[in-house]
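S.K.: Both chains come to you apart, so use the hints to assemble them.
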Amino acid sequence: KNQVEQSPQSLIILEGKNCTLQCNYTVSPFSNLRWYKQDTGRGPVSLTIMTFSENTKSNGRYTATLDADTKQSSLHITASQLSDSASYICVVSALPREGNTPLVFGKGTRLSVIA
Amino acid sequence: EAGVAQSPRYKIIEKRQSVAFWCNPISGHATLYWYQQILGQGPKLLIQFQNNGVVDDSQLPKDRFSAERLKGVDSTLKIQPAKLEDSAVYLCASSWGTGGGEQYFGPGTRLTVT
Chain A
1 KNQVEQSPQS LIILEGKNCT LQCNYTVSPF SNLRWYKQDT GRGPVSLTIM TFSENTKSNG
61 RYTATLDADT KQSSLHITAS QLSDSASYIC VVSALPREGN TPLVFGKGTR LSVIA
Chain B
116 EAGVAQSPRY KIIEKRQSVA FWCNPISGHA TLYWYQQILG QGPKLLIQFQ NNGVVDDSQL
176 PKDRFSAERL KGVDSTLKIQ PAKLEDSAVY LCASSWGTGG GEQYFGPGTR LTVT
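If you read the protein sequences in the order shown, they are chains A and B.
Counting from 1, one number per residue, gives the positions in the first sequence under the numbering used here.
Counting from 116, one number per residue, gives the positions in the second sequence under the numbering used here.
What the hints contain is simulated information worked out from the structure, not anything from laboratory work.
Model, not experiment: these values are computed from the prediction.
Some hints could be false.
[To be verified] Derived BS3-like pairs (lysine-lysine); straight-line CA-CA distance at most 30 angstroms:
| no. | chain 1 | residue 1 | chain 2 | residue 2 |
| --- | --- | --- | --- | --- |
| 1 | A | Lys-107 | B | Lys-186 |
| 2 | B | Lys-130 | B | Lys-198 |
| 3 | A | Lys-57 | A | Lys-1 |
| 4 | B | Lys-159 | A | Lys-57 |
| 5 | A | Lys-17 | B | Lys-186 |
| 6 | B | Lys-177 | B | Lys-130 |
| 7 | B | Lys-193 | B | Lys-177 |
| 8 | A | Lys-71 | A | Lys-107 |
| 9 | B | Lys-177 | A | Lys-107 |
| 10 | B | Lys-130 | A | Lys-1 |
| 11 | A | Lys-71 | A | Lys-1 |
| 12 | A | Lys-57 | A | Lys-17 |
| 13 | B | Lys-193 | B | Lys-159 |
| 14 | B | Lys-193 | B | Lys-130 |
| 15 | B | Lys-159 | A | Lys-107 |
| 16 | A | Lys-107 | B | Lys-193 |
| 17 | B | Lys-159 | B | Lys-130 |
| 18 | A | Lys-1 | B | Lys-126 |
| 19 | B | Lys-126 | B | Lys-186 |
| 20 | B | Lys-159 | B | Lys-186 |
| 21 | B | Lys-126 | B | Lys-159 |
| 22 | A | Lys-17 | A | Lys-71 |
| 23 | B | Lys-177 | B | Lys-126 |
| 24 | B | Lys-193 | B | Lys-126 |
| 25 | A | Lys-71 | B | Lys-159 |
| 26 | A | Lys-107 | B | Lys-130 |
| 27 | A | Lys-1 | B | Lys-159 |
[Said to hold, decoys possible] Some chain A residues near chain B, calculated using beta-carbon distances under 10 angstroms:
| no. | residue |
| --- | --- |
| 28 | Pro-44 |
| 29 | Ser-46 |
| 30 | Met-50 |
| 31 | Cys-90 |
| 32 | Phe-105 |
[To be verified] Simulated DEER-style distance windows between Cβ atoms:
| no. | chain 1 | residue 1 | chain 2 | residue 2 | range |
| --- | --- | --- | --- | --- | --- |
| 33 | B | Lys-159 | A | Gln-72 | 18 to 26 angstroms |
| 34 | A | Lys-17 | B | Gly-187 | 43 to 51 angstroms |
| 35 | A | Ser-46 | B | Gly-143 | 15 to 23 angstroms |
| 36 | A | Pro-8 | B | Ser-122 | 46 to 54 angstroms |
Glycine included, each C-beta is placed from N, C-alpha and C at the ideal position.
Okay, chain B solo, but in the shape it has when bound (with noise of 0.2 angstroms):
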């Protein structure tokens, strides 16, 4: 079965300009995560989705990340501007459900802001 998929691995940009994550969730999970996690810290959920509606995205900083996920496949979190505070890894994670169930992790996008 295959994982998580997330890309790019590692980017570098400076602050005030965008960037954009891609994701691609393990077949057949309905509900697909974006986390931030930064250095020594655990993950903080960004938003989930179920299918591709939202479910929650109370901790989305909706000023500057944005996030779809079109055909309730593939999903993309974008930051425009980038701040140096968003220099983190974005992880994305899938599941069956929303019922507390395992959570699958991609390896995370690491974000560098200059």
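With the rest of the complex left out, here is chain A (with noise of 0.2 angstroms):
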């Protein structure tokens, strides 16, 4: 069965500081994995997007890793801001099938950055 774990489920931490998020998943076979962050009351907005052959991406403070062999990935938050409160989704992609893509969305990490 096609599943993505998120951990943790939340995560507190203090202005200025860094964290990592991660994700496992079991989608086969594999297209690409995203990073969604989703601030409340928000729709999900697109940070990363890596591919098989990718292991690392960046988007600002954020850097995305991806180890296809274990099938893990993590999100890292370098100094954190209180803007970075939110929720972040792990979202992977199979690959087409009957000309569709199937997304599978992991349950998200809620961040809360505190002063």
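M.R.: Here it is in structure tokens:
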């Protein structure tokens, strides 16, 4: 069964600190992995996307890694800011099937950055 | 570039009532998705349209949920009759195609069923 598991479920850190969020998946055959940021009351916004051959991708203070062998990804946030408080969702895409590309969503990690 | 628009942003109804949500995707995007996101969980795909045809509605509770995308642009999602467990945020997203391309999400409609 295609699944995406994220940890921790929630996290509280002090402003300026770094943190790392984890994502494990069993989606097969693998196409790509995305990290989304979802602010409260808003729709998810894409942060990074990685294909099988990529093992790291940065977007400002966000750095995502991918280990396709162990089927694990992480999202590292450097020098956190209050505005980083949000849910971070890992989404894995399988290869197209019958003209459709199914996405598998994780439940997200709720990050709270406090002053 | 204008984003995905949804309305209303919030809706409160009693169980057994009906409700409809509206979505206007990004101009030119052929594919439109409706997701249900229950509090504390990731989005769950309800239905996917390619232009005005349905690509995937395997997780849509068809006894009470219906959706249409007339003329391959705007879409409406309807629930009739609503149940307490339908309380969730309903997200609309759109993309250029179905080949795993970027999906752009709207702000969602938060539905509360009492």
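S.K.: Could you run down the list of hints and mark each one as holding or not?
M.R.: Okay, the hints, checked on the actual structure:
no. : hint                                       : result
1   : Lys-107(A) / Lys-186(B)                    : violated (34 angstroms)
2   : Lys-130(B) / Lys-198(B)                    : holds (5 angstroms)
3   : Lys-57(A) / Lys-1(A)                       : holds (27 angstroms)
4   : Lys-159(B) / Lys-57(A)                     : holds (26 angstroms)
5   : Lys-17(A) / Lys-186(B)                     : violated (50 angstroms)
6   : Lys-177(B) / Lys-130(B)                    : holds (17 angstroms)
7   : Lys-193(B) / Lys-177(B)                    : holds (10 angstroms)
8   : Lys-71(A) / Lys-107(A)                     : holds (17 angstroms)
9   : Lys-177(B) / Lys-107(A)                    : holds (24 angstroms)
10  : Lys-130(B) / Lys-1(A)                      : violated (33 angstroms)
11  : Lys-71(A) / Lys-1(A)                       : holds (14 angstroms)
12  : Lys-57(A) / Lys-17(A)                      : holds (20 angstroms)
13  : Lys-193(B) / Lys-159(B)                    : holds (16 angstroms)
14  : Lys-193(B) / Lys-130(B)                    : holds (14 angstroms)
15  : Lys-159(B) / Lys-107(A)                    : holds (10 angstroms)
16  : Lys-107(A) / Lys-193(B)                    : holds (25 angstroms)
17  : Lys-159(B) / Lys-130(B)                    : holds (22 angstroms)
18  : Lys-1(A) / Lys-126(B)                      : violated (34 angstroms)
19  : Lys-126(B) / Lys-186(B)                    : holds (26 angstroms)
20  : Lys-159(B) / Lys-186(B)                    : holds (25 angstroms)
21  : Lys-126(B) / Lys-159(B)                    : holds (20 angstroms)
22  : Lys-17(A) / Lys-71(A)                      : holds (27 angstroms)
23  : Lys-177(B) / Lys-126(B)                    : holds (21 angstroms)
24  : Lys-193(B) / Lys-126(B)                    : holds (13 angstroms)
25  : Lys-71(A) / Lys-159(B)                     : holds (22 angstroms)
26  : Lys-107(A) / Lys-130(B)                    : holds (26 angstroms)
27  : Lys-1(A) / Lys-159(B)                      : holds (15 angstroms)
28  : Pro-44                                     : holds (5 angstroms)
29  : Ser-46                                     : holds (6 angstroms)
30  : Met-50                                     : violated (12 angstroms)
31  : Cys-90                                     : holds (8 angstroms)
32  : Phe-105                                    : holds (3 angstroms)
33  : Lys-159(B) / Gln-72(A): 18 to 26 angstroms : holds (23 angstroms)
34  : Lys-17(A) / Gly-187(B): 43 to 51 angstroms : holds (47 angstroms)
35  : Ser-46(A) / Gly-143(B): 15 to 23 angstroms : holds (18 angstroms)
36  : Pro-8(A) / Ser-122(B): 46 to 54 angstroms  : violated (35 angstroms)
When the structure is compared with the earlier hints, violations turn up for hints 1, 5, 10, 18, 30, 36 and for no others.
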